[in-house]
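Protein chains in written order, with this note's numbering: chain A, 1 to 343; chain B, 344 to 659; chain C, 660 to 941.
Hints are supplied without guarantee of correctness; some may be wrong.
[Said to hold, decoys possible] Below, a list of computed lysine-lysine pairs in the BS3-like style, where the Cα atoms sit at most 30 angstroms apart:
#1 A:K167 x A:K125
#2 A:K113 x A:K125
#3 C:K928 x C:K825
#4 B:K459 x C:K928
#5 B:K459 x C:K665
#6 A:K310 x A:K274
Rather than coming from a laboratory, the hints here were simulated on the basis of the structure. Quick caveat, the model's predicted, so the values are computed rather than measured.
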Amino acid sequence: MATLELRRIEKHYGGVHAVDGIDLQIADGEFLAILGPSGCGKSTTMRMIAGLEPPTHGDILIGGEVVTHLPPRLRNVSMVFQSYALYPHMSVAENIAFPLRVRHVARAAREQKVAWAAGLMGIEKLLQRRPARLSGGEKQKVALARALVRDPTLFVFDEPLSSLDAKVRAMARSELRLLHDRTGITTVYVTHDQIEALGMGDRIAIMEAGRVRQVGTPQELYAHPADTFVASFLGTPPMNLMEREDHIVGFRPEFVHVATGAGGDDGALRIPAKIFELEFLGADWQVYAHVGDGDDTHRILARMDADEVKQLRVGETAELAVRRDHLRYFDKATGRRIEHVGV
Amino acid sequence: MSASETTVGGGRARPGAGDRGGLLGGLMLAPAIVYIIALVGVPFVLAIALSVSNATVGAPGIHGFVGLANFASALHNAAFGFALRNSIIVTLATLIVTIVLAVGESELLAHHFRGKWIWQILIILPWAMPVSLAAVNWLWLLDSQFSPVDWILRQVHLLGPGTLWGPANHMYYYGREWLGLGSITAINVWRLLPLATIIVLAGRTSIPHDIYEQAQVDGAGFFRVLLRITVPALGPILIVVTMFTALMVFGDMTLVAITTHGGPGYTTQLLPYWAFVQGIEGGALSQGAAVALFMFPILLAAAIFALRLAFRSANQ
Amino acid sequence: MAVIRKILRRIGFWLGMAFFALFAVFPIVWMLISTFKQDGDLYNAANNPFLFNLPPTLKNITFLFTGTNYPTFLLNSLVIGVLVVIITLLLSVPAAYSLSRLVGRWGERSSIAIFFVYLIPPTLLFIPLFQVISAIDAANTIWALVLVYPTITVPFCTWLLLGFFKSMPREMEEAALIDGCSRWQAFLRIALPMAWPGIGTCIVFAFALPLSDYIYAATFVSSTSAMTISSGVPTELIRGDVYYWQSLMAAAAIVTIPLAIAYGLLFGKLVRGFQTEPASGV
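Model the full assembly from the supplied sequences, consistent with the hints where possible.
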């Protein structure tokens with residue numbers, strides 16, 4: 001079973017706690033995305049999983065075996081680096097064959113595996129080239145082939161799409177996910193891009209300042225964020241957060257509508273807001289509005305379709321509403337989610 | 344696919360010395376450290392010990408402790424006075440001329456032009472030439488009888504009866520005090536210019552291009568650009584080149600050994616050669632060590648000073 | 660007007676280049692000419708030294724190889740050069756790698772300390788070194804020089820390679836670790852091949868040093884059979900008051916020209932090497 005477990009993992013550099021106590025369980029064959037802003041500790045965590053750095057405290061288990069102090073070569077983990085880390089002095093074929101050579105796999109078996117991996121990634125034509133003469137997308141495929149060639153227990157990806165053009169990225173995303181589905185290898189995917197995480201992960205672990213804020217499926221994290229950080233990190237544009245006297249209320253832009261009918265006891269949140277910009281995005285519109293006045297002005301974003309937007313005018317005040325079940329409440333002091341607030 | 348499959352086909356199944364970074368690092372570093380300690384560290388300490396002993400080649404043991412007697416007798420020696428004075432003069436003179444020329448030369452070499460590689464080979468020749476062979480070359484070039492330089496001077500009527508530098512037909516470069524020192528300076532400039540140029544060029548090419556383009560737009564002429572922009576920007580690298588050049592000149596004994604031999608008398612002596620003459624040729628090891636050690640504080644101070652300045656300006 | 664300025668600039672540029680090239684090359688060109696001169700031509704103060712007033716001859720070069728110990732010097736320099744290269748690489752390549760990767764922050768910052776060791780001039784240490792060499796009975800043999808020259812080449816090459824390894828991204832070696840290498844194997848199979856250019860420079864430097872050094876050669880070796888070109892040529896080709904000038908010049912030219920070509924081709928590399936100044940070796 002290729003499960004991965006992190007128990008109370010910590011990493012200290014001098015006085016700095018880069019990773020400050022992480023517990024994670026990843027099931028066999030799962031695709032887990034570790035998401036977070038730069039500096040949150042996700043890369044450090046990933047390096048500890050791969051064995052490139054030892055944790056200061058805690059244990060790492062792969063397939064139930066404790067591997068915490070094993071060197072990378074004994075963990076059967078494959079890693080794809082952000083820069084792909086292809087060996088410049090070797091051809092593509094030699095790059096792919098390298099993990100097998102190091103393990104003294106016989107030549108015949110080696111060549112067969114290299115051909116298989118190259119075929120899987122569709123790079124048979126590139127086998128004799130040097131890395132310097134490959135495009136970004138091609139390099140990624142070579143890196144993947146090299147990672148696949150020895151049937152690893154665990155796959156670790158370090159922001160592998162960030163060096164690709166935006167156009168290529170979308171394709172690469174789905175290809176990577178497909179690859180995972182075909183091979184069924186347990187995967188840890190580190191990224192700062194929430195679109196990647198939301199789109200690819202079976203589950204997402206969001207990290208900030210060395211800790212895991214929440215773990216769950218993309219839908220769970222999106223709809224039920226555990227705190228204000230998660231709420232504002234996921235979603236483009238992020239969740240609107242408004243301060244009240246003793247709590248914070250949050251709601252996603254796509255659930256903000258122009259109020260219909262008179263008020264009522266439906267528990268919906270009604271917001272008088274002054275519209276200051278209407279931005280055409282093609283499929284829909286983005287509405288920028290100001291709530292409150294004077295020093296207390298707060299900006300709200302809304303997503304509306306063309307029909308709804310017709311009712312709004314820039315410079316005028318309109319009443320916006322959010323249904324009760326789309327409201328989320330957070331504690332003002334800690335930012336953590338609270339269930340109910342007396343309306 | 345479990346972890347144990349990795350050990351199929353060989354390779355260590357357990358973490359070994361090759362995995363432990365610290366241990367491996369120590370093992371890889373140790374030979375060099377042992378060697379340096381044995382052949383640089385120990386001799387350094389020995390140099391100090393020697394200078395306060397009465398060792399000679401005949402009786403090389405460090406037995407008798409004579410305190411600062413060696414340093415005292417070195418200072419009282421007339422030759423030492425000349426050596427110290429000349430070392431400083433030659434070093435300073437070489438530095439000034441070399442650096443000025445190097446700035447000019449690097450200015451030219453900063454441009455790209457076809458066939459540059461040929462010029463590079465020509466320009467680097469003096470430095471590529473082994474010092475002793477260069478000395479021999481210049482020994483003949485400035486020979487008291489057959490010097491081609493003298494011949495040229497005679498042709499343009501600067502030498503010979505009834506001329507500016509006459510009436511003799513020859514200059515006797517190595518047989519006179521100041522001409523000898525000047526010749527040694529000239530040879531030093533000649534052989535160190537390539538190195539100095541390379542160093543200045545390194546600093547020059549890291550000056551951003553935009554500054555020059557801006558100057559061009561502003562209409563600045565060649566010398567204004569040179570003095571107002573290039574030289575100030577070269578500040579830190581000029582320190583590096585000064586340090587290198589000074590070290591090479593100050594510590595060199597080859598030129599004197601082969602050309603003037605310190606003469607006439609002791610008037611063209613230099614510190615390192617004087618140490619050699621006393622210690623190795625003369626057999627008074629302790630005396631030689633004392634003289635050599637005189638150089639050390641100056642060298643150390645200069646190196647520290649230079650590095651500090653370079654540090655500070657690099658951090659700005 | 661601008662065109663005239665441009666032309667003037669060009670002329671100025673080439674005049675400048677010509678001046679510097681001439682300054683550098685003049686003694687050597689003349690040295691080459693002298694090599695082929697007959698005695699009657701050379702030892703005539705009235706003759707133009709830059710022309711062949713008598714026909715050129717190969718006699719001097721022949722004499723150099725048949726009538727002097729020059730071949731011995733060449734051989735010694737070659738042997739010493741090769742041995743010093745081997746010792747230097749064996750000591751400094753692992754040391755540089757270790758400092759850059761394996762021993763933590765202080766290792767990376769030790770550039771300056773290493774460079775300091777390189778800056779210690781031979782004339783400071785040659786007397787106590789003489790004692791050490793005599794004590795182990797190596798004086799007057801080529802082994803003295805083989806043992807001593809690395810004191811100069813090892814610090815320099817370690818410093819050079821340290822800069823090299825530091826600028827190599829760690830990812831390749833980390834990928835190698837993950838692919839199944841131990842740290843030692845990652846060094847051998849990945850880091851080392853990638854450091855080839857730096858190692859090449861070290862080889863040139865380590866080989867050239869025994870060729871050019873005079874101080875140690877003159878200090879440790881006084882018997883002809885163990886001399887190098889650098890110390891042998893000035894001493895052996897001057898017999899009493901008789902200077903075999905043409906052969907001396909030939910001896911110098913034979914060594915200088917290949918060295919100059921090697922250095923000249925490395926010119927760009929040398930410049931780049933100084934762009935990471937010792938002070939910025941942090």
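Below or equal to 30 angstroms on CA atoms is what counts here, so check A:K167 against A:K125. holds, 23 angstroms
Has the given pair, B:K459 with C:K928, been kept, meaning a C-alpha gap of at most 30 angstroms? The hint holds at about 14 angstroms.
Within 30 angstroms, alpha carbon to alpha carbon, are C:K928 and C:K825? Between C:K928 and C:K825 the Cα gap is close to 17 angstroms, so the pair holds against 30 angstroms.
Between the alpha carbons of B:K459 and C:K665, is the straight-line distance 30 angstroms or under? holds, 20 angstroms
Pair hint A:K113 and A:K125, alpha-carbon separation not exceeding 30 angstroms: Holds, because 16 angstroms separates the two Cα atoms, which is no more than 30 angstroms.
Quick one, are A:K310 and A:K274 close enough, alpha carbons at most 30 angstroms? OK: A:K310 and A:K274 at ~15 angstroms, within 30 angstroms.
Going down the numbered hints, you'll see the structure goes against none, and every one checks out.
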